[in-house]
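Participant: Given next are the chains, with one letter for each unit.
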Amino acid sequence: MPRRQPSTKSWLHLLTVITLTTTVACSTGNTTNNNSSVNDPAATPPDSNNTVQEETNLGAYPETVTVSIGASVGAGINYPEGESVEDNIHTRLNKEMLNIQYENKFVVEASKMSEKINLAIASNDLPDVLLVGAEQLQKMIKNDQLADLSSVYDSYASDELKRNLEYQDRVSFAPAEMDGKLYGIPAPKDYGNSIPVMYIRQDWLDELGLEPPQTMDELTAVAKAFVENDPDQNGQKDTYAISLESGLNTLAMDAIAAAYGAYPGIMVEDESGNIVYGSTQPQMKEALGKMQELYALGAFDPEFGIKDYSVTVEKIMAGKVGILFGAFWNPLYPLRQNLENEPDAQWNAYPIPTLDGGEPTPKALPFTNEWLVVSKDFEHPEAIIKSMNLWTDMFISSTPELFPEAQTRWYEALSGTHKGLEAHNYARPFFFDSPFGNLEVGRELREYQATNDESKLVSAKAKDVYNNQIKPGGLQGWAMEKMYYEAEAVLDSYESLTYPAFVGAATPSMLSKGSTLGKLESEAFVNIIMGASLDTFDEFVTKYHKLGGDDILEEIQSAS
Amino acid sequence: MLRYIRFKPVNWRRNWPLHLMLLPGLAMLAVFQYVPMVGIVIAFQDFVPTRGFFGSEWVGLEHFEFMLSLPDTATIVMNTLIIAVMKIIMGLLVPVVFALLLNEIRHHLVKRTVQTMVYFPHFLSWVILGGILVDVLSMNGGAVNQILSWFGLGPYFFLGDPGLFRGVIVVTDVWKEFGFSAIIYLAALSGINPVLYEAAVMDGATRWRQVWHVTLPGIMPIVVLMATLSIGGILNAGFDQIFNLYSPLVYKTGDIIDTWVYRAGLLDMQYGLATAVGLFKSVVGLVLISVSYWAASRFANYRIF
Chain A
171 MPRRQPSTKS
181 WLHLLTVITL
191 TTTVACSTGN
201 TTNNNSSVND
211 PAATPPDSNN
221 TVQEETNLGA
231 YPETVTVSIG
241 ASVGAGINYP
251 EGESVEDNIH
261 TRLNKEMLNI
271 QYENKFVVEA
281 SKMSEKINLA
291 IASNDLPDVL
301 LVGAEQLQKM
311 IKNDQLADLS
321 SVYDSYASDE
331 LKRNLEYQDR
341 VSFAPAEMDG
351 KLYGIPAPKD
361 YGNSIPVMYI
371 RQDWLDELGL
381 EPPQTMDELT
391 AVAKAFVEND
401 PDQNGQKDTY
411 AISLESGLNT
421 LAMDAIAAAY
431 GAYPGIMVED
441 ESGNIVYGST
451 QPQMKEALGK
461 MQELYALGAF
471 DPEFGIKDYS
481 VTVEKIMAGK
491 VGILFGAFWN
501 PLYPLRQNLE
511 NEPDAQWNAY
521 PIPTLDGGEP
531 TPKALPFTNE
541 WLVVSKDFEH
551 PEAIIKSMNL
561 WTDMFISSTP
571 ELFPEAQTRW
581 YEALSGTHKG
591 LEAHNYARPF
601 FFDSPFGNLE
611 VGRELREYQA
621 TNDESKLVSA
631 KAKDVYNNQI
641 KPGGLQGWAM
651 EKMYYEAEAV
661 LDSYESLTYP
671 AFVGAATPSM
681 LSKGSTLGKL
691 ESEAFVNIIM
701 GASLDTFDEF
711 VTKYHKLGGD
721 DILEEIQSAS
Chain B
270 MLRYIRFKPV
280 NWRRNWPLHL
290 MLLPGLAMLA
300 VFQYVPMVGI
310 VIAFQDFVPT
320 RGFFGSEWVG
330 LEHFEFMLSL
340 PDTATIVMNT
350 LIIAVMKIIM
360 GLLVPVVFAL
370 LLNEIRHHLV
380 KRTVQTMVYF
390 PHFLSWVILG
400 GILVDVLSMN
410 GGAVNQILSW
420 FGLGPYFFLG
430 DPGLFRGVIV
440 VTDVWKEFGF
450 SAIIYLAALS
460 GINPVLYEAA
470 VMDGATRWRQ
480 VWHVTLPGIM
490 PIVVLMATLS
500 IGGILNAGFD
510 QIFNLYSPLV
520 YKTGDIIDTW
530 VYRAGLLDMQ
540 YGLATAVGLF
550 KSVVGLVLIS
560 VSYWAASRFA
570 NYRIF
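As given, the protein sequences belong to chains A and B, one line each in that order.
Residues in the first sequence are numbered from 171 upward in steps of one, following the numbering used here.
Residues in the second sequence are numbered from 270 upward in steps of one, following the numbering used here.
Looking at chain B on its own, in the form it has when it is part of the complex (with noise of 0.2 Å):
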């Protein structure tokens, strides 16, 4: 379980190798990530490449200023929060009950090969299942819509239809994702002391009360982590996912903010615009990202600093 520990000064001379082993990967942080963010000064120029950050004009908020008066934004932004938290609700809630479910499975090779099926999709990149995926939910002849024709369902246009994309988008990326997500928690399954389950047992308590109150308590601060991890990611509805799969019939409910930056930035070429937008996204996720540790500290106790 995890708690808050409380270091103690640090002993330089006998830790310093360690500290030695940490510089590499520093450094890449800084070069990688920490360097890059000078470009965000295009947010705020007219970019001209031949000028550079510093030679290029100054337009101020600008950039900021036309975005906001986009009739876009207020789309993107609604629908990329409508389907991360969706998908955020969904990616927690099915990998839990589905670890859950497989540890209560005795029989080992059947545990493995389920978990193996499962896991599966997660390494099928989106491009790929952008293709399968609009020969699966086609109208005609599609899998999926003949399947519900058997209960006199459909046919439904899954990828064209704005009333069921978002759905759609939630529900595949669910599937592709939870057997590969369900590995943390069944990490954390197995982590849990065989002394309280024995304890619970004496105390006459059924299988039911035994997940309900040793399992679930055990596994609890992992799915609080979990969680908190991904409300700081609350912005990416899923570039790959989308871009594969969406439409100008599903602009309404689909377009995202990083699909729009994707079309005003890389085919457009309207660098400041797109990286206006990009740092408005950034800028969202930071905050968001720390109240919810701010959330996570206060009522899991989990802190990571």
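So that you can see chain A by itself, here it is in the shape it has in the complex (with noise of 0.2 Å):
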């Protein structure tokens, strides 16, 4: 059920590109392959096909052509000396390149940016390229606001633009398509976003003599321990077992419930095959009764309900907590800065527990949830295209081939000017990943571990990631180890994943009735795990459905 993102999910996005600038690699070696084709517009782009040629035009326009897009500013987005948010990097590489001039037709603080569009949108005043969520997108679909996007998508998007967003048998794009018609990009985030990997204070785990868990009921015996045995041998009762903030759909919530084979805050397949609310099935009952048990011996923080993620971030930097189910990029953030604070904390990485031991089946989100889009009013929807196309080369490409010259020297610019500024945060048009990118690196960088053979790095991320980030040491070193060699090995044990039964477009109950009934699923939830009885569960799945939710499953039901 696509659903508004709770703020700790944007978290989520804005420090996942962290990991992402730190992978780029550094490959200087593909410079002198095909210059000519980005400059000049005849050039045949690789593999296309031969009447599209003719017309397509990959390279610089003739013309300037100009561009209005909706642009943030805020934590995580900083510009080096001369640059800003109207011209720096991005802005100057898209117009020497492809001859696109950006420009910003508003600029918001990043947290206030949804609410920004969605004023944009009522309002009717729309820059030219957007990047929206779901919800967003169908709201401008019903309201005539936007481009169909199918044929220029076809005829200009490259191989590696395709091959990345079209992952996983074109799942993003589904939510976009309408009656033949394509109204939105996706921009793909990395698939491991939403995905679950427990982090464990080792040195706690040893001072107390205990096992990384594997079932619930070791994790119930370590949560125990940590909250009453003091693990951090100060002489206070202090510290916190397992990390939890407020909100729905937070990773320590999803992995708990995962064992139990609950997946709330989705659409789930019951057993006979029909299409039902995760939240509302009896495993989400075990799982709350199981949280209930957690918080009553003092395993979160008993403001939980009240805190968001970065009071989660502030405990774990400060070495309060001993667990934490987070995503495969948290040892850049905030593992590494509790090794800042405790030089001798450990944390190592460990598929989340399940019921008897057995193999874990974590929830997954979909790892597009948004999608650029572009007004119906703008001539030159294909600039779009272009754009991605650079940004792809640039970005995530490891044989750049319309555009290595602009490769070299982003990367150029990551190890010199921007280095250490999140300079990917502000690509033109709007930044987006690979989402199977920093699963193949950690691949290779095991074998090569493994095997110590270094023709195992084939990828140019993979020998940057190796040489200039893993071998210099230091904390950034002993981030990454812990993310490819680790977190991203947990990830790949995973050997299935249960995703939302319905990735469709929000259907008009879910946009009516949407504000209620989370309402109603937050207060019930929280107050559960707080100590109310479990029969506010029962209560709650009544409600839940008197409420709407009989009409979303109804309305699901016949779209599908």
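Derived by calculation from the structure, the hints in this document are not laboratory data.
Built from N, CA and C at the ideal position, the CB exists for glycine as well.
Mixed in with the good hints, there may be bad ones.
Unchecked claim - The following label-pair restraints were derived from C-beta to C-beta distances:
id	chain 1	residue 1	chain 2	residue 2	range
1	B	M290	A	K589	56 to 62 Å
2	B	N409	A	E441	25 to 31 Å
3	A	E398	B	V383	46 to 52 Å
4	A	D721	B	L498	18 to 24 Å
Each chain sits in its own coordinate frame; assemble them with the hints.
Facilitator: Given below as structure tokens:
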């Protein structure tokens, strides 16, 4: 069920990108291939079909094309001296390579972007290109505000761009397609963002003579010991076992629920193959019962209900928490920062525990929840695809074919002028990432680690990570090792994942009843965890169905 | 003292420059208050921005019916009323008492210092105070719970306990604003004719009697005026404040009309529904301010028109 992303998840996305810059390669080797195709409009794009290449210009426009976007500023968006949100490395490269001039129709703080876009939609005062979520996309399609992009995508997208966007059988395209038209280009993120990995303080385990938990009973025992036996040896009972923050769709809740076969917040298939809402299934009741038990023994912050992800981060950094159910990139943030404070801390990554110690089946969300959309009044929709080609070659592709020079310059900037600035955040028109890039890099690195055979490092990204980040060591090297050797290995070890059973466009009832139902659910779940009777769950299920849940399920049935 | 003034017929020839000066203000009022009222039609439409106010489909009272069918509606209206009424009462009482007490202090430096200190929180935004209060009211290590623990009380989960949340909202709001509100009463106090006190002393009135018979009647019209004006805002329970302090834990007692409209309108993009609820709120507000104005003119002889 596509729902409003809670702020936790926006943090995830912001932080994921930290991972991604650091994985970028410095591949000066590819520069000389075929510069001509960039600047010469008549040049043949590689592998493209003959009829298309006649009219398809993948290089620079003869005359400058101006594109307006809505840009964001704020945490994680830093410019070097002489650059700004108006004029920076990305706008300059787009101008130079493609003769596309990006302008900002509005600039807002990143956390206010969604609201600003809602206002722009409501007042029908749109920039040429925007990055929108699923519900905004539906609203804009209904409002007839968007251009059909199917033909420009087919003829302009490079093979590498298509390979990344169409990962897993074009699953990311479904929510943007309607009546044979394509209204948005997916902006994917790493597929692992939503999948929980268990990070645990190994030094605490050792201190107390415990083993990493594999079952829920072991998890409970470890949690109890972390709370009561003073694992940080400061003589005070000031530690929490498991970090948990408010909101639905937190990775901690996902991880614990998955042990019981419960998948909150998404539509799942029940035994008879019907689509049902995961939060209302009996398995969820068991999971909440477990969380209630953990809360009662002090495993969570007693005030988790009013605290958000930033508090989780603070407590991890301060060394007050023993177990973090997090994403694969968490070693970079906040675990690394914990090591800055406590150099002796040891974090290890493990698969999430299960009920009986078997294979876990964690919940996974679609790796695309944002789409690039183009106003129907814009005259050059293909310009967006051309810019996406440029970004693919700069950032994602290991063998850039259209813009090798741009990749070289980008990597030079990353190790020079733009070092540590997370400059990919302001890619134009908008940032997106390969859904499988980190997974592949992790595999290559582990292969190399196991065989010590340098030829196993095939991609430029993997070489860069190894040579420029892991080899020099330090905290950055530690974090990269944890991430690629351990966390990515955990992700790779998950043999099955539970994706939402329904990924189509939000149905009318989802839009109109969503806020009521979301409120109902978060209220019920938080109260149960904090000790309310488990009957509250049954009341919640009854109310959920009565107040719109039935309508939503009916609409899904008729849509599929 | 305020008194009902009977206006003479306007002398246009002499007063036209004054009326001209009024014009920019009226123009602003028209542009920013009256023109946007056209947007009220959204409440009766399935609003689609590209088709605009006049092209969108009319749905009559559908949004209002949906609103009344929602289980949240009764709760949020009650929450709004309870919080707002408590705020109005405390927001009148505390500044008046404080102004009276401060007025009795004769030492100028002390008076000024105290006044500045209590006046300061008014200038902090709820975004900042929200962050501070979460820490101050925390169960583990929060200053308030630590002080309470000296008396063997608590700890209380102030921001997470539905039973305490409204109290926290009212107390923090009064704490933030009472210093600023007291200014008006202090001004009224300084406007009382000293002759009245002298006469009271001559008649043998004690300090307490002076307050009761001279000071209080002297500021009563202002108190009534402030009460009347605040009743118009009875459905404004304070969006900024609650938005920054609430969480799903306290929706039951803390979710108000404005926070609900924010979630439905801005987050879920249900413009029609959000406008309908907003309009509903305005209509109730209009009724209440009319009643209170009538009451004020009837009982306190206060009139604006």
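Participant: If a hint holds in the structure, say so; if it does not, say that too.
Facilitator: We went through each hint and held it up to the structure:
1. A beta carbon spacing of about 60 Å between M290/B and K589/A agrees with the range 56 to 62 Å that was offered as a hint.
2. Checked against the hint of 25 to 31 Å, the C-beta distance between N409/B and E441/A comes to roughly 44 Å, which is inconsistent with it.
3. E398/A and V383/B have their C-beta atoms about 48 Å apart, which keeps the hinted 46 to 52 Å range intact.
4. A hinted range of 18 to 24 Å for the beta carbons of D721/A and L498/B is inconsistent with their spacing of about 44 Å.
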